[in-house]
Every structure is written in C-alpha cells, then in structure tokens.
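Chain order of the listed sequences is A and B. Residue numbers 9 to 307, in the numbering used here, belong to the letters of the first sequence in order. Residue numbers 1404 to 2136, in the numbering used here, belong to the letters of the second sequence in order.
Calculated from the structure, these hints are not laboratory results. Using N, Cα and C, we set each Cβ at its ideal position, and we do this for glycine too. Incorrect hints may have been included.
Stated by the list, open to error - Label-pair ranges, simulated between beta-carbon atoms:
| id | chain 1 | residue 1 | chain 2 | residue 2 | range |
| --- | --- | --- | --- | --- | --- |
| 1 | B | K1944 | A | Q193 | 26 to 32 Å |
| 2 | B | L1691 | A | K169 | 32 to 38 Å |
| 3 | B | S1700 | A | S224 | 39 to 45 Å |
| 4 | A | N225 | B | Y1992 | 57 to 63 Å |
| 5 | B | D1942 | A | T288 | 19 to 25 Å |
| 6 | B | L1675 | A | K169 | 51 to 57 Å |
Stated by the list, open to error - Distance condition first, Cα-Cα at most 27 Å in a straight line; then the derived DSSO-like pairs of lysine-lysine:
| id | chain 1 | residue 1 | chain 2 | residue 2 |
| --- | --- | --- | --- | --- |
| 7 | A | K234 | B | K1802 |
| 8 | B | K1908 | A | K191 |
| 9 | B | K2058 | A | K115 |
| 10 | B | K2058 | A | K266 |
| 11 | A | K194 | B | K2121 |
| 12 | A | K194 | B | K1452 |
| 13 | A | K72 | B | K1969 |
| 14 | B | K1969 | B | K1950 |
| 15 | B | K1727 | A | K169 |
| 16 | A | K191 | B | K1969 |
| 17 | A | K266 | B | K2105 |
| 18 | B | K1854 | B | K1944 |
| 19 | A | K184 | B | K1802 |
| 20 | B | K1982 | B | K1483 |
| 21 | A | K265 | B | K1950 |
| 22 | B | K2105 | A | K194 |
| 23 | B | K1854 | B | K1483 |
| 24 | A | K182 | B | K1802 |
| 25 | B | K2105 | A | K73 |
| 26 | B | K1483 | B | K1787 |
| 27 | A | K234 | B | K1727 |
| 28 | A | K265 | B | K1913 |
| 29 | A | K266 | B | K1492 |
| 30 | A | K73 | B | K2121 |
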Amino acid sequence: MINKKNKILLLFYCLLFLLIVISCNETLEIDIPDFSEKLVVESFLVNTSNRIFLKLSKTVSPYKKLSWYDTTLLVHNAQVKVKLDNNEYNMIEDTISSVYYNGYIYKIFRKTGEYYINNVNLLNVNKCELNIDYKNNHVNCIEYFPDIVQIDSIQTTLYQKKLSNWSNPINYLKIKIFANFPKNQKSFYRICLVSNYGSLDYEFENIETDYFIHLSNENYEIIDLKLKYENLEYYLKRTRVYLDHITENHYNFMKAKKNQEEDVDNPFGSEGIQIPTNITNGLGIFTCIARDTICINIK
Amino acid sequence: MHKYKIIFFLTLLTCIVNAQGLYKINGIVVDSVSKEALVSATVIIEGKKIGTITNQSGWFAIEINAYDNLLISLVGYNTKRVKGIDIIKSEMPYVVVLSESPVLSKEVVAETENRREKNLRLLGYEQLTANQIKYTPSFGGESDIMKTIQMIPGVTSANENSTKLNIRGGESNQNLILIDGVQAYNPMHLYDFVSSFNTDAISNVELFKGSISSEYYGKLSSVLKINLKEGNKYKLRWGGGISILSSQLYIEGPINQNISYMFSLRRTYLDLILRLSNSDAGYSFNDLYGKVTYQVSKKSKLFLSGYWGLDYATDFGNELNYNKWGNHVIHLRYNYIWNNNIFSDFSFSYSKFFTNFNWDIYHKSPYVIDYSFKNLNDIIMSNKNSIKTGGDIHFYDFKITSEMFSRTNDISHFINSYEGNFFINWKHNFSEKFIFEMGSVYSYFSENKTKEKSSNFEPRLNLCYYLSDNFSIKVAYTQMHQFIHSIAPYNYYLPNDIFYPSSEKLPYMKGNQFTIGSSKVFNVLNSEYDVSLDLYYNDMKNVPNIKNHFDNTDPYLLPDQLTIGKGWGYGLEFQLAKKEGKVNGWISYCWNRAKRLFDGINNNEAYDPKFHKTHQLNFVVNYNISEKFKLGAIYIISSGQPLTLPSHKYYIDDKPYVYYGNINSFRLPYYSRLDLNIVYCFNMWNGSWELFGSIFNLLMRKNPSFLYFDISEARFEKISLGLIPTIGVKFHY
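Chain A with its partners taken away, still in its complex shape:
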C-alpha cells in the first residue's frame, strides 16, 4: 500500500518524467538555399622553414553528410602561385600519400590536394602573395611576415591540481617568457610546446598550444598551459618552446575557429559564429609566422 508521502513523490516523479518525455528533440525542415562552392585554403608559412605547404579543398553544402576523410572535397590540378617579395613560384601538387588501415600503412599514388614548394628561404621575406585559379574560381591573398620576436629566457613552474579527491592529478605548466616584445602596440602570438622525446630522430610531438595578445610594455608574458599528458618525465626530456609572432588575421581566425567549435551543437549557443578569412573570394587562411625557438629542460 502506498502511503501519502510516497504518493506525493510518485506524482512528482511522474510529472518530471512527463516533462522529459514530452519535450523532444527533432529535426527542423528548411528549404535549402542555392549552393555554389568556394575554395578553402590552409597555409601557414614559417620563416624558419625552407618549405611552403598549402592544402586546397572546396566547400560543400552544409546539409550534406560527409566524413572527415572524404577526399572528394580536395582540389586537384589547381594553378597555385606564391610570390615571395619579387620571386614567383608555382606550387606543385603532392601526389604521394599514405593511408593507415587496419594497423598497416599503405603507400598509394594519388593526388592529395596538398601543394608545396621546397628549398625556399623565408627568413628575409617580407611580402607573400597567393594566387589560385581553379576552374572558374580565382582566389588571392596578400600577407606580410611579422618581425621576429626573440626569446630571452623562459621560467617554468610545473604544478599539479586534483579536481576532486578521487581523480588523478592534472599537470599544469606556468610559463613566464621573456622576449623583446614590441612596445606600445598590440601584437599577437602563438606559443607551442613540443617534445622530441627519446631520440632526436623522432618527430616532435605537440604537447600544447596557446594563443595570446601582448599589449603591455612589459617584456614578459605569463601563460598557463594544461598539459594533456600524465607521464611528463617521458615527454619533457627535450622540450622546445616555439614563440610564433603571428598576424592579427591568423589570431582572429584561430579564435573564431575555436569559438565555433565550442558553440556548435550547443542549444544554448549563439546565432552562429562566423570564421573570418583573409582569402579574397575564398575561405580559410593564408598566413605568415615569424618564429623563434628555445630548448628548455622542464623538471
């Protein structure tokens, strides 16, 4: 027999159940507007590199389901030209690629949509101009290399924090970076922490990346990084810090990209975060990075 108290509780749970059941999630039918594709550029020129790399793809209707490894979006046989100051180069489409499947790496010969130029000296380049022609699409962009900001020194403090009594501690790294930051102006940066654990032959693995703006007249910045790895001794044997002086376009692009990632699929979110682009008639980013590097030993 149900007593009065349990009856009230039962009624309450019924109402709660009703609320959960009768509020529903469903698809909204809309008339899909006309679609015409645009070219998408991904290219980051780094002054310390002797290679320029550019990935070219195209847009698709947002109402078409695709997976990230769908290669139909890649653009092949485009005319891609890069002009570094007064020197113009035609970029070549990479035609070798590898596919990882079922524990094996297969090398296949196919066009990749990735264009490159080798053996270029970007150290003293000032202006970079990109022009792409593909079918009836023409996109272009002009960017300038920022000045190199040299790192003087870095102080690091490693600490841990437990989110609760029963969780594993999480590693955080507080970095105080001293560099010749430009004074009296706003400048934009990316800091990358990469490790080449074990032998120097191994590729560098990115531990963490963060973006910041420097505005003050101080010659340092303090950045807190939440490290994704637990076994730090393994990763922090040889650590490099990259201080990338980036353009405002690059900074805005990365921030908006991150904002959209966090906002999408969020029912409480905004009306839509537009990712800015510096590509005329296209989307994506073509940007120049002035990098300085320092090796540190984090204990």
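Chain A is already provided as a structure; the job is to place chain B on it using the hints.
Using the frame of chain A, we list chain B on its own:
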C-alpha cells in the same frame, strides 16, 4: 512701514485667491487593508477636465474649490468620491482610502461620463498590479512579471523561455529596471528562464515604453519600475506557496503604529531534484526581499528596502567547481511633504551584480557596484503648472575580468566612473483640451582609467490633445542615452554579461524615439474598454556588438573586440483591454520592423535582430468564475523568429566548420502557444488557500525553444517544450 505694506498685500492676495474659491490641497492615496500608498492613482475634479496622478509615494496635490468633488480611482479599486469641503477642513496631507473592488460584483459602471483619467497617462505607459500578474499562467507555475509583460504590445523576447524584454526593437540590456527606484543589473534566475521578481513582495509594476518622463534616464529603450509592498500597517499577515519549480514564504505586518515591514523569501529546489536523479550538475536560486517603512510624521516617511538574490550552479562530480552570481540591492529613502505644493524624495542606494566563477583552475569574479544619491522634487504650482526636478550622482566600481575559461591568471581591469544627472520636467495645461509636457536631462560622465569625460543633454516632449473627454491623441519625443554598456558574449544563457563604462573607444549610446498614439475609453454592455493605437519610430547609435573572433582573454582589450553600429525600428501597436470585472484581460497586436547595422558584420549589411517578430498577436484572459474558481489563459501567435543559415561546410585540419550566410535571413515557422491556469480557492486551518494547476503549451505545438546546427548530422536540431503541467499550492494567513 514697508513690512506692513507687504503683509497687507499678501493678505489681499490670499483674499483674492479665496474669493475665487481655490484651495491648494495635498493628500496621499492608500489601500484600505494594508494602508500602503497607491502609485499612479488618478485624482480628478468631478465635472471639470482637471486631474493629476499620484507619485511613487502615493502623493498628489491639486487646487480645488470648496464645492468641488474629487474622484480618486485606480485599476482594481472602487472609485472614491470625496467632497472638497471635507478635504479643505482636514489636516494636510489628506489621506484617501481606496478599497479593492470585489471581482465578482456587477460590472462597474462609471459614475460619470468622464473617463478622462484613463487618458492622463503617458503614451506607452502600462501598469500591472500583483493581482493581475499572479493569476496569469506562466512556465512552471511561477507567476512571472516579465512573462506577463511580454504579453503587452511592442514587447517580445528572443526565446519563449527567456524573461528578457526586447521593447520596440531595443536590446534587453537597454531597459532600465528599477526595484523601488534602484537599478538592478541582470535580475534574472535560472539562465533567464525566471525573473528575480517575487510577486509576493511586489505591489505593482509600471512600464514606460513610449514617452518617458525626464525623471528616468540612463538606459536607451524603456523603463520598468518594480514597486515593492510597504507591509500591512494594521495586522500581521503571512503566507507562502509550493510549486514544482520553487517555494516561497512571506511575512508582513506592523511593529507599531508607525513602523511596518515586509519580507519575502523564495527558493528553488532544482538542486535536490538533480541530486536525486543522479545528475552531474546542480543548480539552485534564492531571493529575499525586505522593506521596513517608518512613518516619521504625517509629512515624512523613511524606507529601508533591499533585495538579495543568488544563483548557484555546481558540479556534483567535483564540489570544488561552482559558479554563483547574483544581485544585492539596498535602498534608504526619505520623503517629505514641505507644504501643499512641494514633495521631496531623497535616497541613498547600493546595487551590485557579481559573478564568482570557480571551475577547475579558472577563478574569475567580476562585478559592478553602483553607489548613488538621488533627489526628486514634485512642485505643483497650480492645476495648470507643475514641475518635477531633481538629479542624482552615481559612483561606479567595475571589476572586469577575462573570459571564464581563458587564461587562468585572473587578469582584472578595475575601473571607477562617476555620473551626475540633473533633470527638469514641466507640465502645463494650455487649455482643457491641450496638455503640454516638456523636460530635459543633463548628464555628465567621467571614466577614471582613460580620463574620458562625456556630457549629454537630452530633451523630452509630450503633447496631449483631447478630442473629447474620453478620446485623446498624443505625440511624444524622447531622447535617451546610456553610459554603461552591457555586452553579452555570444548571447549565451550564461550570466556573464560584461558591464563596461563608455570611453573614447566605446562611446556612449544615444537614441531617439518618436511616438504618436491615440486612446479611447468606451462602454459596451455596462463594461468599460480601453482601446489604444500607437505608432512609433526609434533609432539608436553607438551600439556595441562583439566581433566573431571575440576573445576576452584580456579585459583591457575588450573595446577592440567590439564593433560599433546602429539600430532602428518602427511599428504599430494596438490594444483592446478590459481591466476590471469578472472577465478581464486584453487583446494586443503589434506589427514592427527592427534592423541592426555593424561594421564588419554581415558584410556591412543591415539585418534583423534575433528577437524580431514582425507580427505578434496576444490574448490574455482572466475569468473569475466564482468565489472558488479562477481561470487564466494566454494565447500567443506570432511570426517565427529569424535564423542564420549556414551556407557552406568545409574542413580545416580535418575538422568540419560552417560558413554562415546572411545573418537572420531565414524565418522559422510561425509560433503559437496556449497556456492555461486554474485556481481553486478554499479555506483551511483558518487561512485562505489556493490550489492551482497550470498547463504550459496546451496545444502541444512544437515551437522551437532551442535550435542548433548539428554539423556532423548536417541538419538543424530543434528542442521543443511540449505540454508541461504544473501544480502548486499557496496559502495566506
């Protein structure tokens, strides 16, 4: 010798005045049960086209002859007739007691043909009493002032669940919300689902959406005044209620014959429900209202009122993570009746909105504090001329921090600002048919960090012409300014609005509103109806908006993250209302357009704001079936909200992103909803009880409450609230 001449002259003057039979009287209108002052009650000289309205302390002043009768009326109360001779012989201020009209009485017929008092009010003015609000159906069974106000023409919101108000095309952060005269910053609970206003603590609510008197300034769009109860001066009363969403308690009563108090507390128990259902996250809100009133003398009163509200969200998985935010308001007010002509009000107030965010390694605690001193003076020179004047001084203290989940070291930006305002408002009756009201506000603002100083002069104008006693045409022009910006990052339902003072990079907002309207009162079948039609146009400039790459990692750089633009809107509002009787309510229709234009947004083209609905038709009905049963219903039908459609999908670094087309260029299907509320009144244990049942969205229409684009599924997902029943109980002793 000169002294005697002066005395003779003054005596002669008095004789002349008395010979004409004019006496200056002043009085206070109060409720018969609680003896609380009644705001905006109308005082008319019967048979003459002369009248006035009580101020926020229930005070009025008027010139009468000994043979005049005064008619004092207010919605929800019986009209009272008082003989002029009785007032003249009595001590001033004269106290007029109004009793509530029993709702089941025969339809009230105007005792005279003169319904002119309905037309004394400004264009776009609405007043709602606590009784009108408490039986209006709303979400979760919680009677909500903001949700009821959204039924008024010209008022809308960006989301059906939101309590934020967008009035005549203005933003929700451009409304001046006053709790007993003190500005409250962000007074919402439950991520804007519920307002902070507890109807048990409230006497009435006033909304100024069109012509706004010079005594109100500081925000661009409209003014919402929440007037708290003073507390029953005769006997102790207490009560409360329980519903699915929250429970509340109130107590009011006299301490002695001069002092009365009122306290009201509300708390939700969502945290208990969520904990029982093994949810990872918890949430609760509380609010507490209090007011103590001290009748110092017949001519003076002292008030101490306050509001304390808190929202608390926590992570059950980790008790160290929490986010709390809230408002604290304290107000000390003193008013004094100098003589038959002058009433003054002095007040000191403190208002704070804060957020305390502790999550993981992120600790942020921004706030805005507003200290102010205000003076208000009503000067009634004659029945033809009256002046309101006064001003205030504010000291603002801002702490602006970086975004919640940004750099862990709390970069905080402390700014102090000062603001001074002086206003004057002159009302003149040119003739029986033509009333002219003109005012101006002079404001000065200084921001300490950048040493930026701003000053602003804004005129106000109201004209009213009576075509007949119950039919008037009004024209109004209002210019407003706003020195304090409220910036909402990405329109999240999170309480992380950033309050920022205007500066060189972020100039203060200015706006104009032109309104023309007419109103008429008429009788049909022994019932009185008000019909009004308003046309308006408004514009605003220096409106800030966030850029798409908004990144508040450094609050010093906040102005650089914003773009400045403008907005404008125009529309037509119609309302047919029956405010009294067994069946009462209103039908309202609004047609409107609103636009926004910002540099660097939407390809520098104008677009519709998110809250914009071109057509809106509302029905509000309250039916007092019998002594025991009351029925309330609202039906809304409106244009669908605008939506921004993605136009392209692409991949960067193997992750999908969307590129959006023109902002808000697509319209959702029309919106409609029917809510019902039924109340059963009964007596139990020597108290009066109300059992209520409420149904939200009775027709179960799947309106989109929340909408988002699922990139991976390549479609829009809509979350709709279906039919939501609620029950609850209230008791009064």
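| Cβ separation of N225 of chain A and Y1992 of chain B, checked against the hinted range 57 to 63 Å | Since the Cβ atoms of N225 of chain A and Y1992 of chain B sit about 59 Å apart, the hinted range of 57 to 63 Å holds.
| request: Below or equal to 27 Å on CA atoms is what counts here, so check K73 of chain A against K2121 of chain B. | output: holds (18 Å)
| said: K72 of chain A and K1969 of chain B were given as a pair; does the straight-line alpha-carbon distance stay at or below 27 Å? | reply: Status violated; Cα separation ~36 Å.
| K191 of chain A paired with K1969 of chain B [C-alpha distance capped at 27 Å] | Violated, at about 34 Å.
| Quick one, are K265 of chain A and K1913 of chain B close enough, alpha carbons at most 27 Å? | violated (34 Å)
| query | Going straight from one Cα to the other, do K1854 of chain B and K1944 of chain B come out at no more than 27 Å? | reply | At roughly 22 Å apart (the allowed maximum being 27 Å), K1944 of chain B and K1854 of chain B satisfy the hint.
| said: So if I understand the rule, the pair passes when the alpha-carbon distance is 27 Å or less; does K1854 of chain B with K1483 of chain B pass? | reply: Violated, at about 56 Å.
| request: Starting from K194 of chain A, check that the Cα of K1452 of chain B is at most 27 Å away, please. | output: violated (66 Å)
| query | Taking only the CA atoms, is the gap from K2058 of chain B to K115 of chain A under or equal to 27 Å? | reply | holds (23 Å)
| message | Next pair to validate is K1908 of chain B with K191 of chain A; report whether the Cα-Cα distance is within 27 Å. | response | holds (20 Å)
| said: Checking one constraint from the list: CA of K1969 of chain B to CA of K1950 of chain B, max 27 Å. Satisfied? | reply: Distance ~15 Å between K1969 of chain B and K1950 of chain B Cα, so the pair holds.
| request: State, for the Cβ atoms of L1691 of chain B and K169 of chain A, whether the hinted interval 32 to 38 Å holds or is violated. | output: holds (35 Å)
Going through the hint list in order, the structure does not satisfy hints 3, 5, 6, 11, 12, 13, 16, 17, 22, 23, 28 and 29.
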